[in-house]
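Mind docking chain B on chain A? Use the hints.
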Amino acid sequence: MPILDMPLDELKKYKGTNPRPKDFDRFWARALAEMRETDPEVELVPAEFRAPFAECFDLYFTGVRGARVHAQYLRPKKAAGRHPAVLQFHGYTGDCGEWWEKLGYVAAGFSVAALDCRGQGGKSEDAGGVKGNTYKGHIIRGLDDCPDNLMFRQIFLDTAQMAGIVMGFPEVDAKRVGAMGGSQGGGLTLACAALEPRVKRAAPMFPFLCDYKRVWEMDLAKGAYEEVRTFFRKFDPRHEREEEIWTGLGYIDVQHLASRIKAEVMMGVGLMDDTCPPSTQYAAFNKIKSKKRTVVYPDYEHEGLPDFLDMTFEFMMGL
Amino acid sequence: MPIVDMPIEELEKYKGINPRPGDFDEYWERALREMRETDPEVEFAPADFHAPFAECFDLYFTGVRKARIHAKYLRPKKASGPRPAILFFHGYTGSSGEWWSKLPYAGLGFSVAALDCRGQGGKSEDTGGVKGMTWKGQLIRGLGDSPDNMLMRHILLDTAQLAGIVMGFPEVDAKRVGAMGGSQGGGLTLGCAALEPRLRRISPVYPWLCDYKRVWEMDLAGGGNAEMKEFFRQFDPRHEREDEIWTRLGYLDTQHMAHRIKAEVLLGVGLMDETCPPSTQFAVFNKIRSKKRAVIYPDFGHEGLPGLSDMQFEFFAGM
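Protein sequence lines, in the order shown, are assigned to chains A and B.
Adding 26 to a residue's 1-based position in the first sequence gives its number in the working numbering.
Each step along the second sequence adds one to the number in the working numbering, with nothing skipped, and position 143 is 141.
No lab work stands behind these hints: they were computed from the structure.
The reader is advised that the hints may include incorrect statements.
What the hints assert, rightly or not - Pairs of lysine-lysine residues, derived as DSSO-like cross-links and limited to a Cα-Cα distance of at most 30 Å, are as follows:
| id | chain 1 | residue 1 | chain 2 | residue 2 |
| --- | --- | --- | --- | --- |
| 1 | A | Lys103 | B | Lys76 |
| 2 | A | Lys104 | B | Lys76 |
| 3 | B | Lys76 | A | Lys201 |
| 4 | A | Lys201 | A | Lys318 |
| 5 | A | Lys38 | A | Lys318 |
| 6 | A | Lys104 | B | Lys64 |
| 7 | B | Lys134 | B | Lys64 |
| 8 | A | Lys260 | A | Lys39 |
Stated by the list, open to error - From the derived model, a few chain B residues whose C-beta atoms are all more than 12 Å from chain A:
| id | residue |
| --- | --- |
| 9 | Pro5 |
| 10 | Gly20 |
| 11 | Arg66 |
| 12 | Lys100 |
| 13 | Gly105 |
| 14 | Leu106 |
| 15 | Trp133 |
| 16 | Lys134 |
| 17 | Ser144 |
| 18 | Asn147 |
| 19 | Pro168 |
| 20 | Lys173 |
| 21 | Glu215 |
| 22 | Gln232 |
| 23 | Met270 |
| 24 | Asn284 |
We put the beta carbon where it would ideally sit given N, CA and C, even for glycine.
Chain A on its own, in the form it takes in the complex (with noise of 0.2 Å):
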C-alpha cells in the first residue's frame, strides 16, 4: 500500500521522539494558576448574524497576558434548563468561520462556542510582548524567552479558560461539553481537554501541535511545521542547541498533555498525511488513558475526511 509514514501496526504503538520537560508539570501548574487568576471581564455582544432559532453572540474575554480574545458564542432561543456545548477550534493561521455551520448543533439544542486564536485570522489579540523572532510563526514565538512566555502556553489556556467560562454558563451542563476541531483545532481540543478534564467528548481531527522533533526527523518540517525547520537554520544552524530547542517545544507538545484527558476520544487521521504525519498524532494518541478510537482513512492527507464531521455530529449527540 502506498505509505508514507510508519505500517498501521507501528503507528499503533509509537511511543513519540519530542522530549519532554522535566518541569513539565510545574509549568503547566503554574500557567493554570494563571489563568485562574485572570479576571476574565465576559462580555456577550449580540452579533451582526441573525438566525431565528439561536441568538448569536460575539463572545469576549480577557485571557493571560492582558489579550482580549474573542469567540463566536450561539445558545438555542427556545432552551428549557441546561443543555449540552460543543466548543470548536480552528486551524493555524485561520479564525473561527462562519455561524451557519454551528447552527446544525444548535437546532440539535447545544450551545456553541468557536475560538480564535490570538493574532491568527479573527478577532482575538496577541499582546505581544515576546523576545526573539516575531516575524513569522506562533509555534516557534517565545522559544527565545522563557518558557512562560511561550504564545502557545496561552493559546492553549485560551481554550481552557472559554471551556471554564461555557461550563460556568447558567444555560449550559457543565457535565456535557465536547470540543471538536481539526489540524491546529485537533491539537487545541486535545489541549483543551487535558487542561480542562471535565470536557466529556472530543474529536480532533489530523492534529497539529505533537511530536515536534518527529515532523523534523521525517523531513517533512515544509508545510505547517515549516517555522521549526526556519528557527534552526536561523537561530541553531549547526544545532548546537538542539536538545534545548526541542525540549523547549516540549512544553507545547500536545502528547505530553494527553494523560490527563478524561473525556472518551474519536480521531480521523489520514494515512497520506504530509502536513501533520500520522505519528505525530498517534504519538499524542497513543498517551490517552481515557476510552479512545480512531477512525483511519487510508488514502487521505491533510484534507477533508469524508463522514468525518457527520460522525462527529452524532458523537456529539451522545453528550
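Same frame as chain A, now just chain B:
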C-alpha cells in the same frame, strides 16, 4: 489591481460569446416533455445518519433514460403545515456531501434535498448508451452523438425533476423553494431555476456550465474545462468543425436559459477565478431579468468565499 479577466465595468456589460443554437427552445421543450413523461417511482429509505430534529432519508427517483437518481432528503420533525425547502447541487465529480452541513437549514424548519449527479462521486446512475468518447469527462459526453443524448442535458433535467418532486411533497410549500450550489452546483442551480421557474430564491456561487467558448478563448481550459480542449485535440484538431461544436455545447450553456429564471438571485464571484472565469459567470448573470445581486470578492479565486455562506443562510431564511 490584479486581474485575470475583464475589468468589473466591462464584466457588468458582457453579453457572452458562446453561440446559442437556433432551436434551443425546442430542444429544451422536448427535454422537459421527456422528463414529464418519465415515471419517477419515488422511494424513501431511512438513512444511516440521525439527527434529533430531522428525519434523514436516501431519496431515489427514476430520471430520463431510466437512470435511478439519488438525493439526500431531510425533513424536520416538528413541522406544522407546509414549510420551505432548499435544494443543494454539488461540484463536478463530487457528491451530495455530508448530512451535517444540511442541518442548519433543517433547523430553520426547511426540507432539504441534495442531489447526487449521475455517474459522479455519489449514488446516482449514469445509464450511458452514448456514442463517442466515454473514457473521461461528462461535459463532452454525448458531444459526438445527437444533442438529445448529451449527459449534462440529463443532469440538468434531474435538477428540475428533483425540484418538482420536492415541491409536490405534502410537507413542502411549493411557493417557497430555493436552490444553491458552487461551481457545477452553481450552474445546476441556474439551470434548475430556469427549467423549474417556480423556484423562489437561488444562490449560485462561481457557476460553471456557461460561455464555454469564452473559457477556451481565455486559454483557461483547466479544471472541468480541460475536457473541451481534449475534445478538440482528439476529434477536431484543426478546428474545422468548431462553430458546430460550440453551438452544440450551446444547448448546455445556462446563459441561454437565464432569461427564464424568475427566482431572486444572489451570485457569489471571485474576481481571480481561473477555473470559472468571472466573464463567463457574468454572461449568465447579465441575462437574468428577475431581482438579482452579485457579491464580489476581488482577491479570491475558485475557493471558499468568506462570509458568503452566512449571507446565503440569511437570504434563504427570508424565503
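Exercise. Is Lys103 (chain A) within 30 Å of Lys76 (chain B), Cα to Cα?
Worked result: 16 Å, holds
For this session: Could you let me know if the closest chain A CB is still more than 12 Å away from the CB of Gly105 (chain B)?
Result: 3 Å, violated
Problem set entry | Interface exclusion of Leu106 (chain B) relative to chain A, criterion Cβ beyond 12 Å | 6 Å, violated
For this session: Could you let me know if the closest chain A CB is still more than 12 Å away from the CB of Ser144 (chain B)?
Result: Label holds. Min Cβ-Cβ 37 Å, cutoff 12 Å.
For this session: Mind verifying the non-interface call on Met270 (chain B)? Its CB should be farther than 12 Å from each CB in chain A.
Result: 19 Å, holds
Exercise. Taken at face value, is the distance from the CA of Lys76 (chain B) to the CA of Lys104 (chain A) at most 30 Å?
Worked result: 14 Å, holds
For this session: Would you assess whether Lys173 (chain B), listed as outside the interface, keeps its beta-carbon beyond 12 Å of every beta-carbon in chain A?
Result: 19 Å, holds
Problem set entry | Least C-beta distance between Pro168 (chain B) and chain A, which was stated to exceed 12 Å | The claim holds: Pro168 (chain B) sits with its nearest Cβ about 22 Å from chain A, beyond 12 Å.
For this session: Verify the proposed pairing of Lys201 (chain A) with Lys318 (chain A), using a straight-line Cα cut of 30 Å.
Result: Holds, because 18 Å separates the two Cα atoms, which is no more than 30 Å.
Problem set entry | Given as non-interface: Pro5 (chain B), partner chain A, CB spacing beyond 12 Å | The claim stands: Pro5 (chain B) keeps its Cβ more than 12 Å from every Cβ of chain A (closest is about 29 Å).
Exercise. Taking the closest pair, is the beta carbon of Gln232 (chain B) still more than 12 Å from chain A?
Worked result: 30 Å, holds
Exercise. Is it the case that Asn284 (chain B) keeps its Cβ farther than 12 Å from each residue Cβ in chain A?
Worked result: Check passes; 29 Å lies beyond 12 Å.
Hints 6, 8, 12, 13 and 14, counting from the list given before, are not met by this structure.
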